[in-house]
Each structure stands twice: as structure tokens, then as C-alpha cells.
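Enquirer: What follows is each chain in one-letter form.
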Amino acid sequence: MAEETPRSEAQAPSAPPSAAKPAPAAKPAAAPKAAGHGAAKAVPLATLTPEMQQLQQHFGENVIAPAPYVGVLLQDKSRLPEVAAYLRDELKYDSVTNLTAVDYIKDGYFEVVYHFQRSTGGEPLTLKVRVPRPQGNDLSEPVPSITSIYAGADFQEREVYDMYGIPFSGHPDLRRILLWEGFYGWPLRKDWREAYYEGDTKPFDSRWPGGHHQLAEERVPWADNVNYPPGFDPLNFHANPDAGLYDSMAEGVPGLKVATKNGHSESETTVLGNGQALAEDEELRTDQIIVNMGPQHPSTHGVLRMVVKLDGETVTDLKLVLGYLHRNHEKIGERNTWLHNIPYTDRLDYIVGMANEWGYVLTVEKMMGIKPTERAEYLRVLMAELTRIQSHFWAIGFLLNDLGAFYTPALYFITERDLILDFFESVTGSRLMCNYFRFGGVSRDLTEAQLAQVKELAFERIPRKIDELEELLTDNEIVKARTIGVGYLPADRSINYSLTGPCLRAAGVPYDIRRADPYGIYDRFDFEIPVLYGADVYDRYRIRVLEMRESLKIVQQCLQQMEQTKWGDIQAGKKAYNHRVPAGQAYARVETPKGELGFYLVSDGGQNPYRYHIRSSSFINLTSLKEMVVGHKVADAVVILGSLDIVLGEVDR
Amino acid sequence: MAEMVNRPLPTDFPNDPRVPEELRNNVFITTLDKLYNWGRKRSMWPMLFGLACCAIEMIATAASRHDLARFGWELMRASPRQADLMIVAGTVTKKMVPQIVRLYNQMPEPRYVIAMGACATAGGPFKEGYNVVSGIDKFIPVDVYITGCPPRPEALLHSFIKLQQKIEQQSLRTVPWYRPGADDVIPVPMLGPDLVDMRRAEEIRQKAAAAQQPIAAQEG
Ligand code: SF4
Numbered sequence: 001m002a003e004e005t006p007r008s009e010a011q012a013p014s015a016p017p018s019a020a021k022p023a024p025a026a027k028p029a030a031a032p033k034a035a036g037h038g039a040a041k042a043v044p045l046a047t048l049t050p051e052m053q054q055l056q057q058h059f060g061e062n063v064i065a066p067a068p069y070v071g072v073l074l075q076d077k078s079r080l081p082e083v084a085a086y087l088r089d090e091l092k093y094d095s096v097t098n099l100t101a102v103d104y105i106k107d108g109y110f111e112v113v114y115h116f117q118r119s120t121g122g123e124p125l126t127l128k129v130r131v132p133r134p135q136g137n138d139l140s141e142p143v144p145s146i147t148s149i150y151a152g153a154d155f156q157e158r159e160v161y162d163m164y165g166i167p168f169s170g171h172p173d174l175r176r177i178l179l180w181e182g183f184y185g186w187p188l189r190k191d192w193r194e195a196y197y198e199g200d201t202k203p204f205d206s207r208w209p210g211g212h213h214q215l216a217e218e219r220v221p222w223a224d225n226v227n228y229p230p231g232f233d234p235l236n237f238h239a240n241p242d243a244g245l246y247d248s249m250a251e252g253v254p255g256l257k258v259a260t261k262n263g264h265s266e267s268e269t270t271v272l273g274n275g276q277a278l279a280e281d282e283e284l285r286t287d288q289i290i291v292n293m294g295p296q297h298p299s300t301h302g303v304l305r306m307v308v309k310l311d312g313e314t315v316t317d318l319k320l321v322l323g324y325l326h327r328n329h330e331k332i333g334e335r336n337t338w339l340h341n342i343p344y345t346d347r348l349d350y351i352v353g354m355a356n357e358w359g360y361v362l363t364v365e366k367m368m369g370i371k372p373t374e375r376a377e378y379l380r381v382l383m384a385e386l387t388r389i390q391s392h393f394w395a396i397g398f399l400l401n402d403l404g405a406f407y408t409p410a411l412y413f414i415t416e417r418d419l420i421l422d423f424f425e426s427v428t429g430s431r432l433m434c435n436y437f438r439f440g441g442v443s444r445d446l447t448e449a450q451l452a453q454v455k456e457l458a459f460e461r462i463p464r465k466i467d468e469l470e471e472l473l474t475d476n477e478i479v480k481a482r483t484i485g486v487g488y489l490p491a492d493r494s495i496n497y498s499l500t501g502p503c504l505r506a507a508g509v510p511y512d513i514r515r516a517d518p519y520g521i522y523d524r525f526d527f528e529i530p531v532l533y534g535a536d537v538y539d540r541y542r543i544r545v546l547e548m549r550e551s552l553k554i555v556q557q558c559l560q561q562m563e564q565t566k567w568g569d570i571q572a573g574k575k576a577y578n579h580r581v582p583a584g585q586a587y588a589r590v591e592t593p594k595g596e597l598g599f600y601l602v603s604d605g606g607q608n609p610y611r612y613h614i615r616s617s618s619f620i621n622l623t624s625l626k627e628m629v630v631g632h633k634v635a636d637a638v639v640i641l642g643s644l645d646i647v648l649g650e651v652d653r
Numbered sequence: 654m655a656e657m658v659n660r661p662l663p664t665d666f667p668n669d670p671r672v673p674e675e676l677r678n679n680v681f682i683t684t685l686d687k688l689y690n691w692g693r694k695r696s697m698w699p700m701l702f703g704l705a706c707c708a709i710e711m712i713a714t715a716a717s718r719h720d721l722a723r724f725g726w727e728l729m730r731a732s733p734r735q736a737d738l739m740i741v742a743g744t745v746t747k748k749m750v751p752q753i754v755r756l757y758n759q760m761p762e763p764r765y766v767i768a769m770g771a772c773a774t775a776g777g778p779f780k781e782g783y784n785v786v787s788g789i790d791k792f793i794p795v796d797v798y799i800t801g802c803p804p805r806p807e808a809l810l811h812s813f814i815k816l817q818q819k820i821e822q823q824s825l826r827t828v829p830w831y832r833p834g835a836d837d838v839i840p841v842p843m844l845g846p847d848l849v850d851m852r853r854a855e856e857i858r859q860k861a862a863a864a865q866q867p868i869a870a871q872e873g
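These protein sequences, in sequence, are chains L and W. If you read the first sequence in my numbering, its first letter stands for residue 1, the second for the next number, and so on. If you read the second sequence in my numbering, its first letter stands for residue 654, the second for the next number, and so on.
Worth flagging that the hints you see were computed from the coordinates, not collected in a lab. The C-beta atom is built at its ideal place from N, Cα and C for all residues, glycine as well. Heads up, some of the hints might be wrong.
Said to hold, decoys possible - Each computed BS3-like pair below joins lysine-lysine, with the alpha-carbon atoms no more than 27 Å apart:
1. W:Lys780 to L:Lys331
2. L:Lys106 to L:Lys319
3. W:Lys815 to L:Lys331
Said to hold, decoys possible - Restraint-style ranges between C-beta atoms, simulated for each label pair:
4. W:Glu762 to L:Gly568: 56 to 66 Å
5. W:Arg734 to L:Pro134: 44 to 54 Å
6. W:Gln759 to L:Gly231: 30 to 40 Å
7. W:Gln759 to L:Phe406: 17 to 27 Å
Hey, can you work out the whole structure from these sequences and the hints?
Expert: So, in C-alpha cells, the structure goes:
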């Protein structure tokens, strides 16, 4: 996982030209953080791994150069598809696990960052491509799309387009993904400001020190969290946030009308469908229809919208509309201080708060070069594995809901989950939003009573309940009939789609970050990575049961080994409010119950992340949904979605 | 009807000579309002509708431990047309708010709204986000607000009890849904370059026409 981050000396955060901050325009208060940025110091270049050297040898040093801090830089972006194909076919990096961009406004370019991953494990390979920054709100120069080589790049490229206005040439369906068509501006560009903008970085003067109370609404010109371009006329405007959505789905749908643009226009409606779905000689000619499921639908696990094209009851095409819970984690995260972001990570995938915290804290620790104490390591494992158990209880309960076993199984499992949450609450103070991890440790230790509570759960209650769960479900006729062979996606396709987590392991790929790229102290425990080969909904259910048992094993060992550590020794170094993270970059990830959760962070040496990117497994896992669903009945689409176990907070972020 | 409601209850009812002897222990006299509200408050049908993290606590409230059914509120309907209570459980985003307003418009009167948690109340931890609406009450009227991030299940139960108290206070004579204009729909906001509250459309048009530059956020 670790990309070595250079530990530059704390005093002089050598201003890397590549990680400069936007000039705090006419706001002296932000100035102290920018101190020292003018000093031109050499940016440490990354050390090349053998794979990177091979890449460099093959393409030549003029094409592949070491990048600042980590990875390699591709000098000529038009050769990206070629390089990607070489990475996949020759170097066996079979998935693109993370794809994002950074806006280096001072240096005038965007950097698109790719993390390629081998499904056999090991560290990812970082590849960077630069494009010049355009003027104002314009699109930048295009970057070639790699979706034809790595299917998993599909949503991720769209996200970069949505947030930065970097188009990807050759992308099959390049539309906004988290926002809507017609939104004004590209939010993650450093010179784009949200309506409630108050300063580039927190803490804002209005809040600390000497904070005073002021409603944001009273401060901003539109008296609300909105902003419009000059000359915008809402009374003469044709709003079509879904522009382009149905274009490629129209084949075979009679009379489908779509408006092609979001904007001021007279009539831009065209009829796309032609109703010629089946050959003329078919006996029964059927029309296909398009059905929107969600964003308010009981089976979509939150505010997801599935647009399905149906022939009778069979799904012939599917598209997802995301962003109904897009809460701007990344923009807010780049304004926050390093510490501020910990409670926000709880709200990403809100079922598994503490697993997310670990991912973030791990990345920052990597950059700061600190290690948590022994006892904290054990507490982290304990919390993360209990989180996995309760998340899988939840996932299985709601999968059964989707199968039509309305509520009964879910109620059983929510009861068990509540017991685990009780433990979380007594230790951290909150059931869901635990805010427990700290850089270099955790926030509280366990009391005797809490220890007894968790031991009762780990050694008595939960093992019994997992047995009960299996007895109820694993050999249940209806469950089997509804799930075996449904939602099949073979291993090679799963990898190409960058699928991670239980769904990948149910397709026969033993890929689990805890073993593939170990972090924490997982090497001290005796546990297996369960693998199944069905690649269908049934095995995705079964793998979760197996994983719960393995997690339980870890929890039990953890509780035993923890006795050797010193009580109360939970924080390395002093507790600090204000952290300075040395300039650098890192990508680190953990295995959450949903899959790989990664954080790509860039620091310019200040109190705030310069770039805060979340690689979310729920979001990327959804890329493969279409291939799993097409050909099945619409009722199965719901089940297949349930088997992916997504949480919208993490999908939309 | 107004007369009936206004008439003071006889205080010495058991001794009233007009009531036959054999009925004296079997008849209750109450107001129509009381009866009507008593029935309504114990059988609310919330809409099965969650937005974010708070929805998880809402589900926990509905599950066995906290057991919403004790209040007669357990029948969650997925269709707004069958629901009388919308629990706005989670962050209201700009992309989602047109749907929420539409759902609210589709609910029949009498209808109630609970804003669950910091986000639904005022934007919560994500208030400054560019895709976040600063509280659902910018668009639809809210009856009960609950604090918390997320509110505990007990807090949600508390809000139900508060809402029951509110319902008890209502009178058939004054409730808005029997009055003219009660079925006015709230204009669904539009997703243009940003979220447009159509009730402010004219103001937005004038302001935007006067502006040369984008009216960017001012410096702190
Ligand atoms: S109030 Fe807190 S828990 Fe509720 S939706 Fe908002 S962030 Fe999530």
C-alpha cells in the first residue's frame, strides 16, 4: 500500500512546485499557512520500483519519467492507452484501482493520477499524466480514456470529468455523474468556489479564535447556498438534468422523447426510439420500455436511481444515475484541517464508520511517518473486525429483504447488530459515528466492564447467532432458487471492473487488502481469506458468512493477545489538535466490509490536505452492475444490487 | 359542527336525568376533535424513505428493540400516496430536493414532516457543500425538528410523541386542509446551472441580469 513519502523536515515545508496552494486572494488570514511557499526547493522524485523501471525501459526515458514523490509521469498523454495496455498485458497490473486528478493551480496544470493494481497483491503502481489548466470554466484538453482496456475506469473517469472538467476522449458515455448536466462549473478546481465560501482553509476566523455567530445565509449574495451565472433566466430555461441519459438506450423504445440539452432553448426535443426491437418475422413483436427505479424506491438501498430498459420483464439495458447523496466530502475535506476529516469519514459508508476512519488515519500516518502504539493497534483491529461482523449482518438481512423475505431476517440481524453497536457506544460515545481513531492511536481505552461486554459477544453470543443465521438461510430452498446462478460475473471480468471486497472473493479471487497489501497488525493473527467460485448472489451471501466467522476468530485472538499490552497506552506522542503533515503524497487503503477503501492525499506541508480523494469501493463496484444484471428479470436486478451491498454515502460521497 | 365542538361538556354527566339509568356507565361524551385526533395520532403511516446515515437510525427505530409498532406507526409505505408522514432522514442534496418536493406534493392531507437530524434541519456537517440544501424547511414545512447526528432511536421516538402532541392540539375547525387553498402544490425546484427555487425565479432573473461577473461568494 505504502508509497514512501519523503519526510521533509518540518520547519521548512519545501514548497514543491507541484503542490502549491492557490494564492489566498486578498485574505491575509490565510497567509500563515502559505508561508515558505515561495522558496524554490527541489521536489523529491520518486524512487522507481523494478516495475516502473521496466516501464521506463520499454517506453524510453523521454516518455516515462519519475514523478514528484511517488510513481511515474507519462510525458506524452496521447500514449496513455498504449502504456495502459502494456501495464495490463505485460506487467500484469490487471485493474485500475484508483483514478483521480489534482489541480496544481500555481503550476498551471491538472494531474490525472492512476493507480494500477495486481490482483495477486502488492503495492499499486502510480502513473501520472498532466494537462494544462484551461481558462475560466472551459474544459481542458482531453486525456485518452482507458475504459476499453480497464472497464473499471468508466465511472472514475466520469467523476474526474464531473469534478475537474477534464474530458476523456473515447469514453463511451461521458456525462456528469455526481452532479447533473448543466451544472455551472467544475467544483474541485481550486479556483472554483462554493456559494458559502468563507476561506480556503479552516479554521475560519469567524469560528476560531474569537468565533462569532453568523448565519451563512446572511453572509452570501443570494441568501442561500446557490450561485448563478450572469444573465441566467430561470423563467425562460429548459431544465434537463438528465440530458444524454437516454440517448444510447433508445434503440427499440418507440416514441422515446429526449431533450438534448440543459439550457435556454426553444425546442430541442428529438424522438429517438424507433420501436424496431425485434426482427419483423418474430411472431410477437414487443416494445421495450424504460423504467426508472429510484431515487425513492424501497429496494435501492438509499437514493440510487437505476434506469432499466425492459423487454417484458427481462432487463436489456441498465444505467445508473448517481449523486443524489453527493455531499461534497472532497471539497469540504480540502478546506478542513487534517484532524477535522476524521469524523467526516464516519459518514462516508455510515454502516462501517470505524473501518473508514482507519483508512484515512492510516494514510495520514504514512505521510507523517508515525506508528500507533501496540495497544492502539489491537483496539483498531478489534473495532474494525466487529464492524465487519455487524456490517455483514446488515448486508445479509437486507439482501433477504430484497429477496422478498420482508423484515423477518433483517429484524433478527439488526438485533445482533445493535448489541455490537452498544459496545461501540459505550467505548466511543456514539452508535454509528464513532470518531474513535486518531493519528497515532485511538481516543479511548476499554474499561473492565466493556472488556467483559465484548468478550461475551465474541465468545458466546455472536458465534451462536452466526450458526443460527446459517441454519435459517444457507440451505433454504427459496434462497437457493432465487440466488444460485443469478448475477454471475466471472473472475477476469470482475478484476477488469476493479471489483473489490466480498464480491470479488466470491468470484474466486483471493484478494483481500489485509493479506494482499498488509496494514496494521494483521500478520499476527491466524485467519483465512475465504474464497468461493460461484460468482453469483448465493456465493456472495455465503462468503459474507464465512468472513464473519474469520473476523470472529481475529476478534477472539485479538482479545487474548491484547492482555499483554499496557492499559491506557493508546496514543503515540502527544495528543494534538493541530497537525502538520510534511509535503508529499500517499495512497493507502484498507479492507472495509465493502471492499477496498483508499485515500489519495496530497499535502503541501500545511494544516490542511491539498487534495483529499476517497477511493470508494461501493462506487466502483457499481460499475459492474450492468453486466451482472442484463439478461435477468427485473426482480433479480434488485437482488443483484443487494448482493453488491452498496451504501450510498460512499457511492456519492 | 362548530356549535357541537364549542358546547361545554356537562360536568355532572353521571347524574344527568336525561341519560337513562342503564347507560350511565357505558356512555362517554367527548368532542369530535378529540376522537378524530385520537384516531389519527395512533395510526400514522410514515413513508418508507431514507436519505442518508440518519435513515439507518430510522430503520433501527423500526426494528425490534425500539419497536415503532408500539405507537401504531409501524406501517411504512413506499408510496407517498399512502403515507401521512414524511421523515426526512438525512442530508438533502440539491440533486434530490426536486424529488422530495414532488413526493411531498403527492402525499395526501393531512400530512406531516419530521426533519430528522442536523442535515435535514439545517444542512448539518455538510452545510457548506456545494450540492447541499441548508435544511428541508427551505422548501417544505416541517412540524418537528430533531437534533443529533444521527439522532438516537429514542430521539426519533421522542419526535413522534411530540408530533402526537401536536396532532392532539389540532382542531377540525382550523386545520388547513379543509380550507381553500389547502391543496396548493409547492413548485418543484429546478436543476439548472444551480438549484433554482421557482418561488424566487423572478428575483433571480433580475439579479442575474444585473450582474456582469458571476456573483461569486464574497471574501469571508
Ligand atoms: S445529521 Fe449526521 S447522521 Fe444524519 S444524515 Fe446528516 S451527517 Fe448523517
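Enquirer: State for each hint whether it applies.
Expert: Against the structure, the hints:
1. W:Lys780 to L:Lys331: Holds, at roughly 12 Å.
2. L:Lys106 to L:Lys319: violated (38 Å)
3. W:Lys815 to L:Lys331: Violated, at roughly 37 Å.
4. W:Glu762 to L:Gly568: 56 to 66 Å: Cβ of Glu762 of chain W to Cβ of Gly568 of chain L: about 59 Å, so the range 56 to 66 Å holds.
5. W:Arg734 to L:Pro134: 44 to 54 Å: holds (48 Å)
6. W:Gln759 to L:Gly231: 30 to 40 Å: holds (34 Å)
7. W:Gln759 to L:Phe406: 17 to 27 Å: 23 Å Cβ-Cβ, so the 17 to 27 Å window holds.
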